[in-house]
Amino acid sequence: MTTVNRKIIAPRPHPETEPFWLAAGEGQLLLKKCGDCGEVHYYPRAICPHCLSGRTEWLTASGRGTIYSYSTMGKAESAYTLAYVTLDEGVTMLTNLIDCDPAALAIGQSVSVVFVPTEGGPPVPMFRPA
Amino acid sequence: MSIKRKAYIVGAYEHPTRKADTLSVARLHADVAKGALDDAGLTKADIDGYFCAGDAPGLGTASMVEYMGLKVRHMDSTESGGSAPILHVAHAAQAIAAGKCNVALVTLAGRPRAAAASLALRPPDPDTPDVQFELPFAPATQNLYAMVARRHMHEFGTTSEQLAWIKVAASHHAQHNPNAMLRQVVTVEEVVNSPMVADPLHRLDCCVVSDGGGAVIVARPEIAKSLNRPLVAVLGAGEAPKNAAAGKVDLTFSAAAWSGPAAFAEAGVAPTDIRYASLYDSFTITVLVQLEDLGFCRKGEGGRFVADGNLIAGIGRLPFNTDGGGLCNNHPANRGGMTKIIEAVRQLRGEAHEKVQVRNCDLAIASGIGGALASRHVAGTVILGRE
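Chains A and B, in that order, are what the protein sequence lines are. Okay, so the first sequence: first residue is -19 according to the working numbering, each after it adds one. Okay, so the second sequence: first residue is 163 according to the working numbering, each after it adds one.
Just so you know, the hints here were simulated from the structure itself, not pulled from any lab data. Computed from a predicted structure; not experimentally measured. Just so it is clear, CB atoms sit at the ideal spot from N, CA and C, and this is done for glycine as well. One should not assume that every hint holds.
Stated by the list, open to error - Listing some non-contacts, in silico: residues in chain B with all C-beta distances to chain A over 10 angstroms:
(1) K166
(2) T184
(3) K387
Claimed, not checked - Straight-line C-alpha distance at most 30 angstroms; calculated DSBU-like pairs for lysine-lysine:
(4) K206/B with K387/B
(5) K13/A with K410/B
(6) K387/B with K166/B
(7) K181/B with K55/A
(8) K233/B with K196/B
(9) K387/B with K196/B
Claimed, not checked - To give an idea of the chain B side of the interface with chain A (calculated C-beta under 7 angstroms), a few residues:
(10) D292
(11) E296
(12) P298
(13) F299
(14) G409
(15) V411
(16) L413
Pulled out of the complex, with its shape left as it was, chain B reads as follows:
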């Protein structure tokens, strides 16, 4: 069974806050749910499916369904870190296609900035089998991604300047987003001269830490067509885990090398057909690896692909993260998957900022990498089309 055109994204909302001093995590989830319902022209009573991941408090779906007073007949709390909302959109489409629900709400929200949460990986469950073989060596998000960058440089000659172009492109987009945390356009020199965080990644190779969140509503075709909104169809999706493979470590590619082709096959389109790309940008290297793995360029050629503004809307071949992305706009709950979907929906609707709106944007991709690229992560890919 394919999910192609079995479901549509009918509502999308991004919370404007970047520091939620006075908003609880549960409140943020509810705020974005309300925003997405208003955007769709639906009401709470229309929701019969609910999706959230580990950023939701308490017992996840159960706690948030209670807080928001939802009455649902289908739930999914698939946890894959920051890529989870992308998997949730795909799972919502599957559930709708299978008749398990008609209108699915997906929420993501958090307040790591207000809570001054540590960037260290979450204190692990001692039953996790890998913990005893990793924790003593102090892996952090930054150095786990940095090891991927180092290996890419070694294998393919990728340079810090090439990685910097990814931040430069994001900053060109963020200047037009009044909610973005970093609105100043930066240069390659500024990126490579910013302080080293985890060699070879600099501070400006990293995403921001922000509060906030977002929500989308996925509905069956008949409902989507009854609403007064542009039609954004789910065309294909893929998901895949990757890890240290019992010692057969290969840092040159991500799980997007598996989730991407699955999504393209289901959608029946090719990378060259894509007009806009939302690519998970926890770090610049995350974007580079996905570009290769999703087939926008050959393996090893990501550095050359991103150089000279090729990701900048109106200038380059593949406009990416036109809201400024995680690198400049926001990274709510330390999870960038939801905002990737939302900006893709804006582009397909023609509702992106006029300075970054891609003309005739009829096909978009949203790709996420949740977890840590060098140890264990889950990639999610969804391809969306305007009708």
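Only chain A is shown next, with the shape it has when bound in the complex:
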């Protein structure tokens, strides 16, 4: 089973991403949606990367998604699994897969978000098999 055996580096929020990390502390995964073009994007920006509109709004994600790709690296206790997870909202995010047997993972598998504590910062969104 991959659990989190390493110290997670704390994210350093920028002014425009503080709401994301505050929500993470409350167990919610936020995305950004553009008030002009309607596109959802990740990682969140103040400016929509699709149309450069400044009218971006926070959207609470379901926290559900599927594995797009993954790779387990490291030996035994230090092993961890890097992954891209495609959220039900359509965006794909870099993350880790935890609480799983890496050998049993598969692309397309359903996963759900879990927030994992970091070293002196807000928790970060990782995923485990749903």
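Fit chain B to the given chain A structure using the hints.
Relative to the frame of chain A, chain B by itself:
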């Protein structure tokens, strides 16, 4: 404005060292500059343009111009990781075509092996907007490329054995290179049975870590034709960035799918015309994806294309990385772009090792992927021709 035949590569030099215990990074840059000048039959005073990337110490162009005592009127420090020298050759050709310089020096050098530098990605600038959304998850070069391999296997049925053929081909070439770090010919079985580094990539799917470097000199046609060297013309080039696209991630292709067609269009040639290919080989998967994206085979067919020795000189349809490449020869400064250009120049001049020299090699491609294939990278493609 096209750069086709507006500039020629007149000098090329690869540093023979693979572990530079007693050479500084600046010294390595200067060594390769001197080597390329000697190769071209030019002197330091002829250089009026200088190009280097993030592997150069200090303030890049400014620091190295000072160290080497150059007097230049054009500089470019475009940074795109390991593909940078390929972009630099293209930018040098543009600068020459625009009259900004006549003789451009491009250098790359580093000593990560002697310095025992970590393979972890460089400590990021906290102002970088993506860092807070990536660093906590510990992305490394190896697992970022491994995720591309995993997805390719899923989408197209590519196998570890097919990827292994890329290393096998490189090792067949490296056996003839006395400077290569890994000169032993390996088998598909040896590659897939080597320790797993980042699933599904094995140790032998990865390039070496080495010191050293290289340089090329790009000059305007009149100067090239006045020198007593074979003529290697820059025919076309392309460059393109690719990233996670704000969440629209697609790992099945690289930015070479954009830089490649641009280079072919400018050169006015097709992939089937290419006699030799230098393909960035940080990992076996890097080569496979480029082969597809540059049009040497259809998307998804890279695995079948590389199998059975198709990349081996004298055996296969598309000889690649005949110096042994990053997979077996060297990967100076953790950047493979310069050595890709240098081996293409050797092939076009007929100066590759006789066991791997491609007959009548009149058209070659050098392709680079700098950065990390699964997150953000920059592809550079240059097409070179012998006259």
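Status of each hint after checking the structure:
Look at K166/B: its CB is around 34 angstroms from the nearest CB on chain A, clear of 10 angstroms, so calling it non-interface holds up. Every beta carbon of chain A lies more than 10 angstroms from that of T184/B, the smallest distance being close to 34 angstroms; the non-interface claim holds. Listed as a non-interface residue, K387/B keeps its Cβ farther than 10 angstroms from every Cβ of chain A; the least gap is roughly 48 angstroms. Proposed proximity of K206/B and K387/B is supported: the alpha carbons are some 19 angstroms apart, at most 30 angstroms.
Taken as a hint, the K13/A and K410/B pair is honoured in the structure, with Cα atoms around 14 angstroms apart against an allowance of 30 angstroms. Between the alpha carbons of K387/B and K166/B the distance comes to roughly 16 angstroms, so the proposed pair stays at or under 30 angstroms and holds. A hinted pair counts as satisfied when its Cα atoms are at most 30 angstroms apart, and K181/B with K55/A qualifies at roughly 28 angstroms. Restraint check for K233/B and K196/B: satisfied, since their Cα atoms lie roughly 15 angstroms apart, inside the 30 angstroms limit.
With a C-alpha separation of about 21 angstroms, the suggested pairing of K387/B with K196/B holds against the 30 angstroms cut-off. Because the smallest distance between the Cβ of D292/B and any Cβ of chain A comes to about 6 angstroms, under 7 angstroms, the interface hint for this residue holds. Below 7 angstroms, beta-carbon pairs count as interface contacts, and E296/B has one with chain A at about 5 angstroms; its hint therefore holds. Given the 7 angstroms rule on beta carbons, the hint for P298/B holds: about 4 angstroms separates it from the nearest Cβ of chain A.
Interface hint at F299/B: satisfied, since its Cβ lies 5 angstroms from the closest Cβ of chain A, which is below the 7 angstroms cut-off. The interface hint given for G409/B holds, since its Cβ lies 3 angstroms from the closest Cβ of chain A, which is under the 7 angstroms cut-off. The restraint placing V411/B at the interface with chain A holds, with a minimum CB-CB distance near 4 angstroms, inside the 7 angstroms limit. Of the supplied interface hints, the one on L413/B holds, with its beta-carbon coming within about 6 angstroms of a beta-carbon of chain A, less than 7 angstroms.
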